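Asker: As given, the protein sequences belong to chains A and B, one line each in that order. Using the numbering used here, the first residue of the first sequence is number 85, and each one after it goes up by one. Using the numbering used here, the first residue of the second sequence is number 85, and each one after it goes up by one.
Derived by calculation from the structure, the hints in this document are not laboratory data. All figures in this text were calculated on a predicted structure; none of them were measured in a lab. In this text, a Cβ means the ideal position worked out from N, Cα and C, and glycines have one as well. There could be a bad hint or two in this list.
To be verified - Far from chain A, some chain B residues (derived; all Cβ distances over 10 Å): (1) 150; (2) 172; (3) 281; (4) 294; (5) 339; (6) 366; (7) 375; (8) 561; (9) 598; (10) 617; (11) 808; (12) 836.
What the hints assert, rightly or not - Sample of chain B residues at the chain A side, in silico, Cβ under 8 Å: (13) 151; (14) 176; (15) 255; (16) 306; (17) 753.
Claimed, not checked - Label pairs and their in silico Cβ distance ranges: (18) B/340 to A/652: 26 to 32 Å; (19) B/340 to A/183: 54 to 60 Å; (20) A/323 to B/655: 32 to 38 Å; (21) B/661 to A/366: 43 to 49 Å.
2 protein chains.
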Amino acid sequence: MIYYNVEKNEDGIFLIEEHYNPKFLLKTETVFSQCNGYFGIRASYDSKVINENRGMFVAGLYNKAYENEVMELVNCPDIVEVQLIFNDEKFSIDTSELLEYKRALNVLTGELTIHLVCRLKNGLDVKIYSSRFASYHDRHLFCQNVKITPLNRDGELTIVSGINGQITNSGVSQFKQIGSRVYDKKYMSMMAYLTKDKLSMMNTCVMNPNYEKSPDFVLKRRSIYAKYKLSVKKNQEVSFTKYNYIKNSQEINSLNEEDKKRVLDTCIEKGYDVLLKEHRDVLINMWKYAKIDIKGTSLEEETAICFAQYHLFGMMPYEDMKLSVAAKGLTGEGYKGHVFWDTEIFILPFFLYTFPQKARHLLEFRYHGLAGARAKAIDYGYEGAMFPWEVARDGDEQTPLYAALNIHTGKANKVWSGIKEHHVTADIVYAMWKYYTYTNDERFMLDYGYQVIFEAAIFWYSRASYNEEKKQYEILDIIGPDEYTEHIDNNAYTNYMAYFCVKVAKKLANELKIKNLAVFEEMNRNLQLEIRLKQWNDFLDKIYLPIPNQDNIIPQDDTFLSKKVLDNIDYYKQCDEKQAILLDYSRDEVVDMQVLKQADVVMLLNLFPHLFSNEVIKENVIFYENRTIHDSSLSYCAHVQALANIGETDKAFKFFKKALEIDMNDNPSDSTDGIHSASLGGIWSSVILGFAGVSHGQNYIEISPKLPSNWEAMSFYMNIKGVYVKISISKEKIILECERQLDSAVNIKIYDKEYKLQDTLIHEVYTK
Amino acid sequence: MIYYNVEKNEDGIFLIEEHYNPKFLLKTETVFSQCNGYFGIRASYDSKVINENRGMFVAGLYNKAYENEVMELVNCPDIVEVQLIFNDEKFSIDTSELLEYKRALNVLTGELTIHLVCRLKNGLDVKIYSSRFASYHDRHLFCQNVKITPLNRDGELTIVSGINGQITNSGVSQFKQIGSRVYDKKYMSMMAYLTKDKLSMMNTCVMNPNYEKSPDFVLKRRSIYAKYKLSVKKNQEVSFTKYNYIKNSQEINSLNEEDKKRVLDTCIEKGYDVLLKEHRDVLINMWKYAKIDIKGTSLEEETAICFAQYHLFGMMPYEDMKLSVAAKGLTGEGYKGHVFWDTEIFILPFFLYTFPQKARHLLEFRYHGLAGARAKAIDYGYEGAMFPWEVARDGDEQTPLYAALNIHTGKANKVWSGIKEHHVTADIVYAMWKYYTYTNDERFMLDYGYQVIFEAAIFWYSRASYNEEKKQYEILDIIGPDEYTEHIDNNAYTNYMAYFCVKVAKKLANELKIKNLAVFEEMNRNLQLEIRLKQWNDFLDKIYLPIPNQDNIIPQDDTFLSKKVLDNIDYYKQCDEKQAILLDYSRDEVVDMQVLKQADVVMLLNLFPHLFSNEVIKENVIFYENRTIHDSSLSYCAHVQALANIGETDKAFKFFKKALEIDMNDNPSDSTDGIHSASLGGIWSSVILGFAGVSHGQNYIEISPKLPSNWEAMSFYMNIKGVYVKISISKEKIILECERQLDSAVNIKIYDKEYKLQDTLIHEVYTK
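Please construct the entire structure, taking both the sequences and the accompanying hints into account.
Answerer: Right under this line is the structure:
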């Protein structure tokens with residue numbers, strides 16, 4: 085099922101690559117990436133191999149290299165390479181005979197290890213054991229240890245390592261200037277300047293046994309290296325440790341050079357193992373509440389779920405509130421590090437239920453992007469806040485205007501999503517509503533939420549057109565989540581989401597007037613809320629909301645159901661290659677068929693599980709799945725939830741297995757440019773929102789599990805109003821254990837019954 | 085002696101690498117480069133290997149990527165890579181077992197061939213034979229053929245090749261935009277935009293046996309590829325040919341897309357072999373007059389001399405008169421493709437005596453750079469034209485202000501050459517005078533020469549300071565050719581060269597007044613020549629010209645002889661590593677010792693062989709050589725000439741061997757970033773100006789051979805007043821054979837006797 089081997093022991097849960105496989109090089113670089121929310125480093129080898137794509141990405145470090153480019157997450161200087169030269173032969177896995185090989189990522193501790201025994205061309209057998217981690221204890225720290233043991237003879241060893249600023253984003257250099265220097269013949273330092281930001285890096289290396297003199301330092305263009313030359317003895321281990329301090333200049337608490345040296349000195353004092361333990365302790369504390377225990381699942385499934393959470397941990401920009409999560413996290417150049425609706429709809433639920441403060445953080449990001457959203461609305465002739473399809477650090481639209489040229493016509497393909505895919509502005513409101521109703525965080529609403537929601541609703545009113553004939557508001561010429569239909573009218577997902585957004589805005593505005601008139605008055609002055617409320621009422625009365633037709637099918641848009649059905653769609657559903665249909669049909673032809681890239685109506689049904697009867701939901705899920713190629717990584721997990729919600733757990737489980745594989749399948753071309761953040765969030769959602777049946781409304785939390793048949797039981801934590809509650813689900817009963825007393829009662833719905841959670845710490849509910 | 089093997093047969097003279105040697109990867113990429121004056125391509129393998137540094141450089145295509153950089157020769161998109169994938173295994177030399185290997189450069193025809201028999205990891209044995217050339221027939225054309233033969237089984241082969249625009253100059257991207265497209269499912273095209281210029285590339289590939297369908301085309305960021313998938317049979321050869329058309333937008337006669345397609349269609353029609361022949365015919369015609377035949381020399385020496393000329397051919401920008409020759413030609417990023425005094429003093433003599441029109445071309449370049457030279461003079465508070473130390477395409481100063489940081493102090497090292505090394509302004513005048521006196525090209529003088537020479541002389545007058553005490557002009561705070569002395573006064577080389585420059589200007593101005601008063605008057609109006617002439621007279625009367633001291637030593641500058649002698653200089657002379665002295669001494673310490681990086685007074689004696697007695701010359705050459713580390717590649721060849729000129733042919737020959745090795749020695753770090761253009765010119769000069777004893781004055785050509793003892797005879801061509809004259813030198817006699825009658829008599833000096841060359845085609849002079 086998944087391409088990697090898995091292993092579990094007292095030290096953790098491991099993804100393992102047992103054999104060197106150049107074909108999977110870029111994929112495994114991504115999958116085994118190490119990210120601590122502050123930076124992410126691809127799992128390249130210490131020594132160079134052919135076709136590698138080294139990468140380090142620092143959260144929020146974006147740059148626009150040229151006029152015709154967009155802002156992109158910068159591929160930063162490489163700190164991982166450790167050149168080993170044995171008696172003049174530069175070591176590489178590619179040029180050696182591999183006697184032993186094992187690359188392993190501990191998804192619980194985030195430590196990556198590479199074990200090699202190699203025979204060099206010069207006959208030397210050598211064991212090389214490398215380990216590294218991106219610290220969660222000090223998020224500026226990356227530590228790497230390489231142990232080298234010659235096995236069959238003595239020899240001369242040269243170790244060269246430093247900071248290589250010659251790295252680019254696929255051939256585009258981002259840093260306009262890079263300056264390197266050495267302090268005290270001990271610390272290597274690099275300052276790298278972007279158009280606006282700068283990145284500073286400092287590192288120091290330690291040899292064991294002690295290296296008497298200081299190393300030679302070599303300065304090249306945009307790079308600096310330390311060079312250690314030493315004699316090595318057969319069976320005697322040499323240990324090389326490198327401590328790296330990484331800092332983006334935009335940080336508030338930045339250290340000066342002396343401070344950084346002290347940090348590195350402390351690293352040397354503590355050593356790799358102590359630093360690793362400090363780091364691991366932070367992660368273990370996070371896992372305490374994040375780990376999902378499932379009885380009856382396979383180790384592979386368990387590993388894949390942990391893997392998803394490992395990367396969810398790694399993509400969260402813990403410290404910088406003005407950042408969000410990129411479509412590829414910090415693991416690759418894909419989607420240029422941009423933030424999409426993925427964050428609110430696919431990634432946020434994990435944080436909302438497990439670490440609600442982090443969900444708040446992701447939503448604050450959108451508030452900080454209001455200026456860009458207002459600007460986009462003006463650009464397109466609308467009012468209010470029209471959130472961009474893709475954003476980087478600030479909230480400005482970053483969707484490229486043109487994608488790759490059509491290589492046959494020579495014409496550039498327009499990226500229509502940036503121009504016509506608008507639902508993100510409702511998705512954000514949906515997520516804020518979910519956050520607010522789950523946490524009752526009024527402070528968030530006052531500081532950020534009301535403003536965003538009202539302006540979003542203002543946008544939607546201006547976005548709709550009034551159809552005089554039908555006496556209804558319509559949303560025309562739009563793209564829904566399914567991007568294989570373009571320029572359609574009244575996309576069901578979009579219309580319902582817009583309706584929801586305006587409804588929430590109306591409700592909140594009316595409540596605010598009562599709760600906090602001063603704030604309401606101020607917002608009224610700025611946003612003319614009283615007038616808006618009238619418009620919103622009209623909109624809510626007259627917006628066209630597609631309802632199931634005579635066959636119980638909710639039309640995805642005005643024309644979808646009249647389009648041609650593609651007979652051999654199964655061929656494309658089974659294709660290894662993504663978007664294979666575009667090899668046989670032009671985009672325009674695909675747009676004219678009942679072919680979906682990804683869930684669209686199904687997404688709607690997930691977000692509003694009580695909108696239609698179970699019967700309607702079921703029929704629609706089946707109908708649309710039959711027409712869906714799942715060419716988007718967002719699709720399988722959406723179907724898991726939908727199918728679980730209607731009790732089709734076996735079918736759901738089939739899609740769940742596919743969702744688990746998205747980053748770890750045996751297709752070497754997938755995930756080469758980064759993990760699929762949303763899909764990883766979707767894996768968690770599949771388990772908790774899908775199989776565990778967790779959801780919440782304004783005054784209740786629902787837990788209506790639909791466990792797959794092979795899952796005997798599962799348990800996990802939810803953070804409910806600040807208290808961690810362990811939810812244990814078995815076929816017979818559900819146990820809720822609060823870590824401490826809740827401040828006020830919480831309504832819990834289990835299937836059709838309601839319970840109050842407050843008086844006792846442990847609640848047992850028998851479901852059978 | 086030289087690292088490569090050599091071979092000679094009826095097809096040419098070959099440099100051969102018999103074994104794959106990753107340690108020499110970058111050096112051999114340089115040394116085996118293929119350049120046709122329009123572009124140069126490093127000799128990378130068809131398939132990628134670790135640590136390679138692919139490079140293509142187009143003459144005149146410079147760019148300044150960032151504010152703090154200088155203009156540099158752009159490393160252009162790669163067209164050489166041909167990926168071969170056999171049954172899913174991507175082929176690389178690094179990952180295969182090499183059963184046979186031979187990389188060979190034919191220095192006469194410029195064809196590069198790589199023969200491989202490899203065993204892949206999947207067990208397939210395959211023969212891969214690749215050949216390529218940069219056409220001299222159509223200088224926009226690069227042709228490459230790869231023949232693939234599976235030896236032990238059938239299989240599936242995928243060939244991927246195209247244009248890779250992700251190449252950078254050591255991590256600095258130069259193109260602000262790159263657009264790729266496919267025409268007619270047949271031609272791949274790339275437009276790459278620099279700040280000012282643009283580069284267009286188009287190519288087409290041909291498979292043999294015929295590939296039925298058109299290939300798949302893959303468009304990636306900044307790159308485009310065609311992908312051919314085919315079944316291959318054991319022992320059946322597949323031939324893949326790629327024709328590339330390369331065009332810099334600055335060219336006058338540029339082709340449109342249809343024209344380029346037609347060129348490529350013609351290529352397909354003719355095929356690789358016919359195109360190779362057309363190219364070879366052009367080169368053979370150049371070799372007819374360039375080849376030096378030496379009896380008694382080794383094949384290795386012959387090859388090294390041909391190698392020098394091969395690269396001299398390749399670096400000459402034949403068509404664009406506003407370009408000159410870079411310090412590394414078109415073979416690497418070293419010195420950023422800048423033009424130094426190297427061109428006039430080391431490279432020009434070959435062209436002057438063999439292809440005088442090309443020497444004119446190189447000198448015209450300086451005229452076009454006058455604006456930059458005037459600007460530099462104004463910047464520094466001088467008058468006239470102060471030619472920059474380093475220039476790119478236009479004549480503006482491009483010397484970086486700062487070189488690498490001092491990694492210990494963290495302070496940037498100033499590049500003093502750009503600020504204080506001024507002799508280039510006299511070197512250019514020297515070269516123009518040499519050209520004029522050799523060709524009598526009055527047109528050149530009227531169009532370019534007078535202007536440059538007068539403005540240079542004006543500069544030198546303004547550059548000198550008048551020492552009231554000593555009643556003499558002095559040139560203070562300067563750097564001579566030897567860059568291990570800085571901020572010195574009255575550098576002998578510079579003072580004599582400045583004197584020469586002003587003397588020539590005065591002479592020419594006075595002659596012009598008589599020959600062509602109108603022109604003189606016009607120049608007088610612009611340059612105030614009458615006033616200048618008075619200043620020049622005063623300068624010539626009173627300039628301090630160092631003369632031999634009581635020990636017969638010409639002081640290199642005012643303080644050199646009083647500095648400390650370095651006792652263990654021989655250690656550094658023998659060091660493999662260049663500038664090893666700077667590892668033990670600071671730059672300031674070196675400046676304070678009698679240590680020379682390169683010939684300085686010796687250069688002076690080469691340029692003015694009759695300035696002092698043979699005795700003085702001899703003593704000075706020995707004295708200064710004892711103090712010279714030869715850390716500059718310009719040093720050995722200068723000493724060959726000096727020693728040959730004083731009849732020390734055995735010593736000269738020892739240095740000659742070292743000069744031959746400069747790009748081809750067994751030090752893998754040398755020449756990695758490009759060949760040493762000046763040293764290659766110096767090799768030719770060593771042979772012709774040194775051993776053959778060729779020089780000329782205003783009214784004569786001197787041929788006073790000093791053949792090394794093992795050279796029995798030699799012959800070569802000189803272009804004398806438009807007529808090719810074959811000069812055959814043996815121990816007993818010199819024969820001059822004119823291809824046709826000379827228009828007017830030419831005075832020939834052979835040793836101390838003068839002859840007239842005109843009446844008959846063949847002249848025999850017995851020298852013993």
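Asker: Decide, hint by hint, whether the structure agrees.
Answerer: Hint check results:
Here residue 150 of chain B does not stay apart from chain A, with its beta-carbon only about 4 Å from theirs, under the 10 Å limit. Not every Cβ of chain A is farther than 10 Å from the Cβ of residue 172 of chain B; the closest lies at roughly 7 Å, contradicting the non-interface assignment. In this structure residue 281 of chain B is separated from chain A by more than 10 Å, as the shortest Cβ-Cβ distance comes to about 15 Å. The non-interface label for residue 294 of chain B is consistent with chain A: the shortest C-beta to C-beta separation is roughly 22 Å, beyond 10 Å.
At the 10 Å boundary, the C-beta of residue 339 of chain B stays outside the reach of chain A, the nearest C-beta of that chain being 17 Å off. No beta-carbon of chain A is positioned within 10 Å of the beta-carbon of residue 366 of chain B; the least distance is around 34 Å. The claim that residue 375 of chain B lies off the interface holds: its Cβ sits roughly 38 Å from the closest Cβ of chain A, which is beyond the 10 Å cut-off. Every CB of chain A is more than 10 Å from the CB of residue 561 of chain B (nearest about 28 Å), matching its label as outside the interface.
At roughly 54 Å, the least C-beta separation between residue 598 of chain B and chain A is larger than 10 Å, which holds for a residue marked as non-interface. For residue 617 of chain B, the shortest C-beta to C-beta distance to chain A comes to about 48 Å, beyond the 10 Å cut-off, and the non-interface label holds. For residue 808 of chain B, the shortest C-beta to C-beta distance to chain A comes to about 45 Å, beyond the 10 Å cut-off, and the non-interface label holds. With a cut of 10 Å on Cβ distances, residue 836 of chain B stays outside the contact zone with chain A, its closest approach being about 54 Å.
The interface hint given for residue 151 of chain B holds, since its Cβ lies 7 Å from the closest Cβ of chain A, which is under the 8 Å cut-off. At a threshold of 8 Å, the smallest CB-CB gap from residue 176 of chain B to chain A is about 5 Å, leaving the interface hint in force. The beta carbon of residue 255 of chain B comes within 3 Å of a beta carbon in chain A, closer than 8 Å, and the hint placing it at the interface holds. Proximity of residue 306 of chain B to chain A holds as hinted, the smallest CB-CB distance being about 5 Å (cut-off 8 Å).
This hint is violated: residue 753 of chain B has a C-beta 11 Å from the nearest C-beta of chain A, more than the 8 Å allowed. Between residue 340 of chain B and residue 652 of chain A the beta carbons are some 43 Å apart, a value that contradicts the proposed interval 26 to 32 Å. In this structure the hint that residue 340 of chain B and residue 183 of chain A lie 54 to 60 Å apart at CB holds, the actual value being about 58 Å. At roughly 35 Å, the beta-carbon separation of residue 323 of chain A and residue 655 of chain B lies within the given 32 to 38 Å, and the hint holds.
Between residue 661 of chain B and residue 366 of chain A the beta carbons are some 47 Å apart, a value that agrees with the proposed interval 43 to 49 Å.
Consistency with the previously given hints fails for numbers 1, 2, 17 and 18, ordered from lowest to highest.
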